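Colleague: Each chain, written out:
Protein chains: 2
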Amino acid sequence: MNQILVETSARHVHVTQQDLETLFGAGYELHVKKMLSQPGQFASEERVDVVGPKKTLSRVSILGPIRPATQIELSLTDARSIGVDAPIRESGDVAGSGACKLVGPCGEVEVKEGVIAAKRHIHMTPEDAHEFGIEDKAIVSVRINTPGRSLIFGDVVVRVSPKFSLAMHIDTDESNAACAAGNVMGEIVP
Amino acid sequence: MNQILVETSARHVHVTQQDLETLFGAGYELHVKKMLSQPGQFASEERVDVVGPKKTLSRVSILGPIRPATQIELSLTDARSIGVDAPIRESGDVAGSGACKLVGPCGEVEVKEGVIAAKRHIHMTPEDAHEFGIEDKAIVSVRINTPGRSLIFGDVVVRVSPKFSLAMHIDTDESNAACAAGNVMGEIVP
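Taken in order, these protein sequences are the chains called P and G. Note that the working numbering has the first sequence beginning at 10, numbered continuously upward. Note that the working numbering has the second sequence beginning at 10, numbered continuously upward.
Any given hint might turn out to be false.
If chains are identical, the list can't say which one is meant, so a pair holds when it fits in one copy or spans any two.
Stated by the list, open to error - Taking lysine to any residue and the SDA-like style, the derived pairs with C-alpha atoms no more than 25 Å apart in a straight line are:
{"no.": "1", "residue 1": "K43", "residue 2": "R89"}
{"no.": "2", "residue 1": "K42", "residue 2": "R89"}
{"no.": "3", "residue 1": "K42", "residue 2": "I143"}
{"no.": "4", "residue 1": "K110", "residue 2": "D137"}
{"no.": "5", "residue 1": "K63", "residue 2": "A190"}
{"no.": "6", "residue 1": "K121", "residue 2": "S159"}
{"no.": "7", "residue 1": "K64", "residue 2": "V193"}
{"no.": "8", "residue 1": "K42", "residue 2": "S90"}
{"no.": "9", "residue 1": "K64", "residue 2": "S170"}
{"no.": "10", "residue 1": "K64", "residue 2": "L175"}
{"no.": "11", "residue 1": "K121", "residue 2": "P48"}
{"no.": "12", "residue 1": "K42", "residue 2": "V167"}
{"no.": "13", "residue 1": "K63", "residue 2": "T31"}
{"no.": "14", "residue 1": "K121", "residue 2": "T31"}
{"no.": "15", "residue 1": "K172", "residue 2": "P77"}
{"no.": "16", "residue 1": "K110", "residue 2": "S46"}
{"no.": "17", "residue 1": "K63", "residue 2": "G92"}
{"no.": "18", "residue 1": "K43", "residue 2": "S90"}
{"no.": "19", "residue 1": "K146", "residue 2": "P156"}
{"no.": "20", "residue 1": "K172", "residue 2": "G105"}
{"no.": "21", "residue 1": "K43", "residue 2": "S159"}
{"no.": "22", "residue 1": "K110", "residue 2": "A147"}
{"no.": "23", "residue 1": "K146", "residue 2": "S67"}
{"no.": "24", "residue 1": "K43", "residue 2": "V169"}
{"no.": "25", "residue 1": "K63", "residue 2": "L45"}
Hints were generated in silico from the structure; no laboratory data involved. These numbers were taken from a predicted model, which means no experiment stands behind them.
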């Protein structure tokens, strides 16, 4: 009952329509490669280079649909490797976050703020939240039992919306720390 | 009383005298760059490239003194990026572990087994163990409280020896998952 699918989010980029057109050309639209667990969200065919002062992450996947703000979600390992800041933020909270350059086949975008490390979170519907007895923005702990790297993640933020589907999202550092590659289950614990 | 210094181990290599000489030349000896928390252990001036099928990690630090077996300690992020296996193992337990190539200024070594992701662990003296009420090889959980990424690591192995100094070691993935860069403190919890 209490089990939640834990999904690992690899590094990815969200873009505005304007930035998409700068990167890929006027009137460009994303092409769906694969639908994701959250309704309407998809991995696109399109990829961009994420350029920092020290290094470049090549061919990073753009997730769709387009967003009101361009946002680059990196692990802290990624951020350190290319030499950019990535404060731990909820998606959409990009004010004062890290800077980088995006390079596409038709142009470049200097992103002044938008690089974050995603705060670990659980998407759930209002019905799920009612069942778990928790509310939007609650901070919970989630136990993940894996052979050799079991752990309990604290500081997991709950996000409730009728548009969501029940799933916990962690980044690749967090996933590796728990040996949670593939789809494992987590449990909210007191 | 219950607090333990948590140190982040970046990727590194241990080498046999024979492999050191293949990499750096006959009769070569490591040069101490910086002593580490564990008595007698040091980061050396020497660095080697760790080559996998997909990519190379350049200039990885060799830790001294020399060991009876060559061992490459990577994060799972590192291992995936260069395309090698890195099973989660205690230091020294390299049978059947991952393969890679090491490249030094004077030669190369094909390492057939030796690539691991270190199992998170606590070094302590017999006196520490007595104080904590635990024994060598005990598996414990350690709580780390950081702003935004608190967590409790399970599956932490305790290693007791009079040659050790009290410290917990985690890799960079684990450190990032806890935002534990720099020196933070952990607490053994039930």
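Colleague: If a hint holds in the structure, say so; if it doesn't, say that too.
Modeller: We went through each hint and held it up to the structure:
no.	hint	result
1	K43 with R89	between (29 Å within a copy, 22 Å between copies)
2	K42 with R89	between (29 Å within a copy, 23 Å between copies)
3	K42 with I143	neither (34 Å within a copy, 52 Å between copies)
4	K110 with D137	neither (39 Å within a copy, 49 Å between copies)
5	K63 with A190	between (28 Å within a copy, 19 Å between copies)
6	K121 with S159	neither (38 Å within a copy, 29 Å between copies)
7	K64 with V193	neither (32 Å within a copy, 28 Å between copies)
8	K42 with S90	between (28 Å within a copy, 23 Å between copies)
9	K64 with S170	neither (37 Å within a copy, 41 Å between copies)
10	K64 with L175	neither (36 Å within a copy, 36 Å between copies)
11	K121 with P48	neither (29 Å within a copy, 45 Å between copies)
12	K42 with V167	neither (28 Å within a copy, 46 Å between copies)
13	K63 with T31	within (24 Å within a copy, 31 Å between copies)
14	K121 with T31	within (15 Å within a copy, 48 Å between copies)
15	K172 with P77	within (17 Å within a copy, 57 Å between copies)
16	K110 with S46	neither (28 Å within a copy, 39 Å between copies)
17	K63 with G92	both (5 Å within a copy, 22 Å between copies)
18	K43 with S90	between (28 Å within a copy, 23 Å between copies)
19	K146 with P156	between (31 Å within a copy, 16 Å between copies)
20	K172 with G105	neither (28 Å within a copy, 47 Å between copies)
21	K43 with S159	neither (30 Å within a copy, 33 Å between copies)
22	K110 with A147	neither (34 Å within a copy, 47 Å between copies)
23	K146 with S67	neither (34 Å within a copy, 42 Å between copies)
24	K43 with V169	within (24 Å within a copy, 49 Å between copies)
25	K63 with L45	neither (31 Å within a copy, 27 Å between copies)
Hints 3, 4, 6, 7, 9, 10, 11, 12, 16, 20, 21, 22, 23, 25, counting from the list given before, are not met by this structure.
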